[in-house]
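So the sequence lines, in the order shown, correspond to chains A and B.
Counting with the numbering used here, you get residues 224 to 717 for the letters of the first sequence.
Counting with the numbering used here, you get residues 224 to 717 for the letters of the second sequence.
These are computed hints drawn from the structure, not numbers from a lab.
Predicted model, so just to flag it, every value in this text is computed and none were measured.
Fair warning: there could be bad hints in the mix.
Same chains, same label: a pair holds when it works inside one copy or across any pair of copies.
Said to hold, decoys possible - Dumping the calculated DSSO-like pairs for lysine-lysine here, alpha-carbon to alpha-carbon at most 30 Å:
#1 Lys620 <-> Lys657
#2 Lys374 <-> Lys610
#3 Lys570 <-> Lys482
#4 Lys570 <-> Lys249
#5 Lys656 <-> Lys620
There are 2 protein chains.
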Amino acid sequence: MKHAYLANLSIDKSDPGPLHRQLFLKLRDNILQNVIKAGTRLPSTRLLAEDLGVSRNTVLSAFDQLMAEGYLEARVGAGTYVSTQIPDELLGTNSSSEKPNPKARKIKLSRQAEALRPTGPAKPYHQGPFSPGRPELDQFPFEIWARLLAKHWRKPEPDYLSGNPVGGATALREALAEHLAQTRAVNCEPDQVIVLSGSQQAIHLVIKAFAETGDPILMEDPGFPGIRNSIIAAGANPIAVPVDDQGFNLEAAKSLAPKARLACLSPSHQYPLGPTMSLQRRLEILHWAGENDRFVLEDDYDSEYRYSGRPLSSLQGLDTEDRVLYVGSMSKVMFSGLRVGYLVVPKDLVDVFLALRRDIDGHSPAVAEAALAEFISEGHLATHIRKMRILYEKRQKVLISELRAKCGDFLSVDEQECGMHLIAFLRPEIEDKKVEALARDQGLMLRALSAFYEGPEKKNALIIGFAGTHEKQMPRLVGRLAQILETCAAHMQT
Amino acid sequence: MKHAYLANLSIDKSDPGPLHRQLFLKLRDNILQNVIKAGTRLPSTRLLAEDLGVSRNTVLSAFDQLMAEGYLEARVGAGTYVSTQIPDELLGTNSSSEKPNPKARKIKLSRQAEALRPTGPAKPYHQGPFSPGRPELDQFPFEIWARLLAKHWRKPEPDYLSGNPVGGATALREALAEHLAQTRAVNCEPDQVIVLSGSQQAIHLVIKAFAETGDPILMEDPGFPGIRNSIIAAGANPIAVPVDDQGFNLEAAKSLAPKARLACLSPSHQYPLGPTMSLQRRLEILHWAGENDRFVLEDDYDSEYRYSGRPLSSLQGLDTEDRVLYVGSMSKVMFSGLRVGYLVVPKDLVDVFLALRRDIDGHSPAVAEAALAEFISEGHLATHIRKMRILYEKRQKVLISELRAKCGDFLSVDEQECGMHLIAFLRPEIEDKKVEALARDQGLMLRALSAFYEGPEKKNALIIGFAGTHEKQMPRLVGRLAQILETCAAHMQT
Numbered sequence: 224m225k226h227a228y229l230a231n232l233s234i235d236k237s238d239p240g241p242l243h244r245q246l247f248l249k250l251r252d253n254i255l256q257n258v259i260k261a262g263t264r265l266p267s268t269r270l271l272a273e274d275l276g277v278s279r280n281t282v283l284s285a286f287d288q289l290m291a292e293g294y295l296e297a298r299v300g301a302g303t304y305v306s307t308q309i310p311d312e313l314l315g316t317n318s319s320s321e322k323p324n325p326k327a328r329k330i331k332l333s334r335q336a337e338a339l340r341p342t343g344p345a346k347p348y349h350q351g352p353f354s355p356g357r358p359e360l361d362q363f364p365f366e367i368w369a370r371l372l373a374k375h376w377r378k379p380e381p382d383y384l385s386g387n388p389v390g391g392a393t394a395l396r397e398a399l400a401e402h403l404a405q406t407r408a409v410n411c412e413p414d415q416v417i418v419l420s421g422s423q424q425a426i427h428l429v430i431k432a433f434a435e436t437g438d439p440i441l442m443e444d445p446g447f448p449g450i451r452n453s454i455i456a457a458g459a460n461p462i463a464v465p466v467d468d469q470g471f472n473l474e475a476a477k478s479l480a481p482k483a484r485l486a487c488l489s490p491s492h493q494y495p496l497g498p499t500m501s502l503q504r505r506l507e508i509l510h511w512a513g514e515n516d517r518f519v520l521e522d523d524y525d526s527e528y529r530y531s532g533r534p535l536s537s538l539q540g541l542d543t544e545d546r547v548l549y550v551g552s553m554s555k556v557m558f559s560g561l562r563v564g565y566l567v568v569p570k571d572l573v574d575v576f577l578a579l580r581r582d583i584d585g586h587s588p589a590v591a592e593a594a595l596a597e598f599i600s601e602g603h604l605a606t607h608i609r610k611m612r613i614l615y616e617k618r619q620k621v622l623i624s625e626l627r628a629k630c631g632d633f634l635s636v637d638e639q640e641c642g643m644h645l646i647a648f649l650r651p652e653i654e655d656k657k658v659e660a661l662a663r664d665q666g667l668m669l670r671a672l673s674a675f676y677e678g679p680e681k682k683n684a685l686i687i688g689f690a691g692t693h694e695k696q697m698p699r700l701v702g703r704l705a706q707i708l709e710t711c712a713a714h715m716q717t
Numbered sequence: 224m225k226h227a228y229l230a231n232l233s234i235d236k237s238d239p240g241p242l243h244r245q246l247f248l249k250l251r252d253n254i255l256q257n258v259i260k261a262g263t264r265l266p267s268t269r270l271l272a273e274d275l276g277v278s279r280n281t282v283l284s285a286f287d288q289l290m291a292e293g294y295l296e297a298r299v300g301a302g303t304y305v306s307t308q309i310p311d312e313l314l315g316t317n318s319s320s321e322k323p324n325p326k327a328r329k330i331k332l333s334r335q336a337e338a339l340r341p342t343g344p345a346k347p348y349h350q351g352p353f354s355p356g357r358p359e360l361d362q363f364p365f366e367i368w369a370r371l372l373a374k375h376w377r378k379p380e381p382d383y384l385s386g387n388p389v390g391g392a393t394a395l396r397e398a399l400a401e402h403l404a405q406t407r408a409v410n411c412e413p414d415q416v417i418v419l420s421g422s423q424q425a426i427h428l429v430i431k432a433f434a435e436t437g438d439p440i441l442m443e444d445p446g447f448p449g450i451r452n453s454i455i456a457a458g459a460n461p462i463a464v465p466v467d468d469q470g471f472n473l474e475a476a477k478s479l480a481p482k483a484r485l486a487c488l489s490p491s492h493q494y495p496l497g498p499t500m501s502l503q504r505r506l507e508i509l510h511w512a513g514e515n516d517r518f519v520l521e522d523d524y525d526s527e528y529r530y531s532g533r534p535l536s537s538l539q540g541l542d543t544e545d546r547v548l549y550v551g552s553m554s555k556v557m558f559s560g561l562r563v564g565y566l567v568v569p570k571d572l573v574d575v576f577l578a579l580r581r582d583i584d585g586h587s588p589a590v591a592e593a594a595l596a597e598f599i600s601e602g603h604l605a606t607h608i609r610k611m612r613i614l615y616e617k618r619q620k621v622l623i624s625e626l627r628a629k630c631g632d633f634l635s636v637d638e639q640e641c642g643m644h645l646i647a648f649l650r651p652e653i654e655d656k657k658v659e660a661l662a663r664d665q666g667l668m669l670r671a672l673s674a675f676y677e678g679p680e681k682k683n684a685l686i687i688g689f690a691g692t693h694e695k696q697m698p699r700l701v702g703r704l705a706q707i708l709e710t711c712a713a714h715m716q717t
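Just chain A, same shape as in the assembly (with noise of 0.2 Å):
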C-alpha cells in the first residue's frame, strides 16, 4: 500500500546518479516544499523500499543523511518523522531540484564590477592567422617542457606543496633575474622580481597599489586595453596621452594630467604603433618620476624579438631613483596558456606587492615554477628564442612582400625593427575596423589600429601578427584580405 504523502514520489532509475542521492534530493524537496508536513511520521524503511522498488540500503543511506542534515528526526521504538524544528514560513519556497528560469533580475553591483560588467555576453576570443601577439606553437620544445615538468612534480619541493612562496619559486627568481640583466640590462636582485600569473595581474597590482578613485593615471594612446580596462576597474581616470616618434609625449601628459603620479609605458616596443622610445625622452621621464613621488610601469612585452642589433635595454636599467616597476611575461616567449609573467620593483616596495598579491591570489604555484627555472637556466630558453627570432624576421619578409604584392594599392607597410606584427597604414576611405570585422568573419585575426586610440586623433591602419603565422600559408591569406580590402574599397566608391 502506497502512503498517501509519498504518492508523488518515484524513482528514477536512468539516472546515472546513486539512488539514494536521488532519493535524499526527492525527499528533501517534498519536506521542503511542505509537501510532506513537518512532524509527518514516514513509513519503514522496508515498505518503502519496497514500494519504491529500491534496496532496503538505499532507503537506510537517504534516511541517514536527512536524519544529518536536520529534516528527519528518530524517536526511539516509534520510527522516523518529519522534523518539526523548520519553521513553516520557511518552508514552501525551497526546491532545490527545480529551479525556476533565471529572471532577469537587477543586482547591485560595486562601480567596479559595474565599470567591468560586459555589454552582451562574451565572444569567445580564438586566437587564428595574423592575430597579433600570437607565437608559433608547433615549434616549442613541449616534449622537453613536459619532461621538466614531470620531474619536478614526481618529488616536488614540500615547502612548495604548502603556503609558502607568495613571490614565487626561489630558483626561478634568480633565473629571472639573470635572464632580465642578460637580455634586458635590468637591474635587480632576485627578491624584487616577483612571478605572477601573467603581465595582466601585474599590471592590475601596479594600478592597485598606486591608484584612487579619480585619480589621473597616463597611458599611450594609443595603447594596450588591458591597461585601460584595469585603470577603469580601479575606478581611476586613464589619461590618453599621445605617442609621437619618440614615443610617450611626455610634455602633452603634463598638460593634460599635471597632478598625475602613474605613467604605464611600453618604452622599448611602443604597443601597438612600434616606436622605441628615444634615450632623451626616457631620461626626461626618470627625471619627472624622481622629481615629485611618481612612478612608471614599464611594460616591456616582445623586446626579445629584434630583427636589427640587439634587444635596447629596459627603462629599469636606467632608473637610479627606483621609480620603474618593470613588466614583463613568458607569453610572447613561450606562450600565454604558460601563465606566467613577473614584476620588478624597487626594494622598498617588495613587501606591498607580496601583500597585494596575496590577497588577490594567496600564494604562487611553485611547483612549475622551478620547472620553468630548469627550462630557463638549462638554456632551453635562449635556444627557443634564437629559432624563433630567425624564424619570425623569415615570416616578418613574406608578409611585406606579399601585403605589398597583393595589396599595395589599398595599404603601405614598413618594416618593423622588432616585435611580432606589423602595421599596414590604410587608404583613408577603407575603414579599418570594417576590415576587421569581415576579415574576422573569415577567419583572419589581425585587429583594427583605431580600436587602440582613446583621443580623437586615431590612425586607420591595420595591426598584423606575423609570428603565429606560417610563411607557407601566407600567400593564400593575404590573397583572401587583397580581396576583403577590395570589397571595402568598391564599397566606398559606390
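Following the hints, complete the assembly by docking chain B onto the known chain A.
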C-alpha cells in the same frame, strides 16, 4: 696612449657576464654621469680594444649597442662621438651600476595598498607539525599526477595555449560540476563553475563584486583571516558576527548591520570553531538573502573529510533564489601548491565574474586544468580522498588520546566530526597566544584561537591540525606541547 677621459675605464675579466655588456654599461655610465662629455670623440675601436685588453669585436659590439640606444653617434668619415642630443640637465644623476642605497622614503600608496602594507618585514610562514589545514603530502600519488601533466603538456590543446579560457578548461568545469553535485549536492551547470587560482582569489572576487568603500560586509567571528583581509583591502567594513551552536548568528547580524548585503559564511564546518550550521539557520539565511538583493559567500573549505556519516549538503544546493556564491578549493583534498580553487556563481553573474577575473588574471592555465580534470574523472581524486579520510580519522584519534593523556591538566578537547583540525580549550590562566609563540619556537605550528576573533568575546584555545602530522610522531610532539603548557602554567602561578 690612454685617452684622458677613459682613464677610469677598466674591464673586470672575473665578471661572469659577457665583456661587451660590461663595457656597454661602463661607457653608458660615464656618458650619463657626464664624465665623458657630449660631443667628445671616442678613440677608435682598435685603440680602445688594445687599451682595455679585449678583442676588437667586444668593443664593436658595445659601440653598436650604444649607438642603437642613442648614446653615441657616428659622423661619416670622422669617427664616433658622444651624442649631443642628450640635454645637459638630465646628465649627472643617472648611474645604472652604482645605485645609492635605498633611502627610507615616503611613498604615497593607494588606500587599499596602505591597508595591506605589512607593518614589519614579512615573516615566512612554513607549515609544519600541527599546522591546521595541512594535508598529508607523502601519500599523494605524485607519480600519477606527474604522468597526467606530462601527457597533457606533450600534445597540448592549441586553444589552451593562447588567450581563450577565462573560466577554466571546459573538461575541468565539467568534472567539478559533476564532483560537486555528487559530493556536496551543489546544483549547477559546468559554465557556472569558474576555475581560479585558489579560494583566496574566489573570496577576493566576490568581495570586489559587491563591496563599495565603507560597505558593511558580514563575516563570522571567529573567522577566516583571508576574508577579513580581503574586506579591508576592498575598503569595506568587516562586521564580525558571533557564532552560536547553530552557526552564524543571523539575528545578531541583522542588528549589527541591517544594511549589509553580503555575508561570508562557512556553513558546512565553521572555520575555525567547527560547528555545522543547522537546517533552520540555513533556511533563515537563504530567506534573508532572497529578501533584498543580498548574497551569501559559502566557503566550503574542507567538507570532504567527514568522519561520521556522509558529508552534509551545501547551502548552495538549497538556494532557489540564486543568492549563494559557492567557494571551494583543491588545497585540502590535494595541496595548496596546486593553486586551484573555484567559484560557483548564479547564471546571471557568470559574465561579470569572468570579466572581474580577466582583469586580475588574464585567463586560466588550462593545460594543467585539463590534466586535473582527467585526474578527477579517472577517479584518482576520489581514491585519494577516501584513503586520506581513513588516515585522518586515525590521526585525530591518536592526537586526542595523546592530548588527554599528556595535556589533560591544561586543556580539554572533543572529537571533531569533520575537517583537519581540532580545538583544544585551555585553562583560562594559560594564554593561547603565548602557547602559540612558544610552540612555534619549537617547530609546532598550532594556532591560537583567540587570534581569529575580531570581537571582544574571545575563546582561549589552540587550533591543532592533525591531518598532515604523522601519527607515529604525535606522542613525541604532544610530549613537547605538554612541557610548553607546563611552562606557561607555572609562569602564571609565580
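Consistency of the hints with the structure:
1. Lys620 <-> Lys657: within (26 Å within a copy, 70 Å between copies)
2. Lys374 <-> Lys610: both (25 Å within a copy, 25 Å between copies)
3. Lys570 <-> Lys482: within (25 Å within a copy, 42 Å between copies)
4. Lys570 <-> Lys249: between (60 Å within a copy, 23 Å between copies)
5. Lys656 <-> Lys620: Intra 25 Å, inter 68 Å, cutoff 30 Å: intra-copy only.
In this structure, every one of the numbered hints holds.
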